[in-house]
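S.K.: Chains as they are written, first to last, in the numbering used here: chain P, -5 to 197; chain D, 57 to 131.
No lab work stands behind these hints: they were computed from the structure. Wrong hints could be hidden among the right ones.
The list that follows gives simulated cross-link-like pairs (lysine-lysine, DSS-like), each with its CA atoms no further than 25 angstroms apart [to be verified]:
#1 P/LYS159 / P/LYS149
#2 D/LYS109 / P/LYS71
#3 D/LYS109 / P/LYS159
#4 P/LYS149 / D/LYS108
#5 P/LYS149 / P/LYS7
#6 P/LYS159 / D/LYS108
Chain by chain, the residues run as shown.
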Amino acid sequence: MKPKNHTHVHFEKIFLPHLDAAYNLARWISRDPTLAEDIVQAAYVRAWEYFERYENRNSSAWLLTIVRNVTYTMLAKRNKENNLVSFDELIHHGQEFSSKANDGVPGLMGDRRDSPEFIAQQLSDGEHINIAMQGLSSELREVILLREVDGYSYKEISEITEVPKGTVMSRLSRARSQLARRLNTVLDRDSEHHGSPERSGSK
Amino acid sequence: MKSNSEACDIVQSRLEIYSDGELSLSDRQELESHLEVCEICSDLNHRLQLLKKVTCTCGVKTENSPKSAAAYQRQ
């Protein structure tokens, strides 16, 4: 039996607004949109079960900590069941997009269509960043997502990922330098389009 | 006053913290003053802003994943 202030309505009011963030975190850690849906469902069930212990803490950080733990538990379980070793999705995607770039008039297919520059031109920015993100380790993906997409502070990310603030900062830095290397083409092009640099930084 | 390269080293080591909005007010003002006069650091800052802009497009709305929203509603 839950206390009076731990009603279903109260729970929904607090945690339903974080559904997108929960799904994004599960999706980017697991790299599996379908599994992410199951993870979110399981995480919300668990959050409801432990709602009595919530005690008006930072609601999104509390929920995302659960989402993260459920994600790693379900991934470990799935890998154990499937006896998976590792799967380099970046290579998988590379092959996929390489094939995409080669769809067309056979007579026009040649060295140019196989070049990384040509393939890069065929991809939208969204595809570029998705491929670049897939190439990061899960610990780097989760911090960059929590920071750039969800806008959490270093302190909140530290709570969610259960690592010190300094580790969050170094992981963010590593994630950004790896992404920047993979997105050189996009960044170079946009730098040229924008002309002189904006002198802006913090929000 | 620090030499330019030394000032650049300090600013560049703080650019990410600045761009994340986590720098103290005084440090932020000092850094912004430097960005106004240093093209190299300003370019690096601009590139970092572009990276952040591209990265923030990674999020998806659960309206693209109706199962998640519906699944919760059933609980």
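S.K.: Name the hints, by number, that the structure is in violation of.
M.R.: 2
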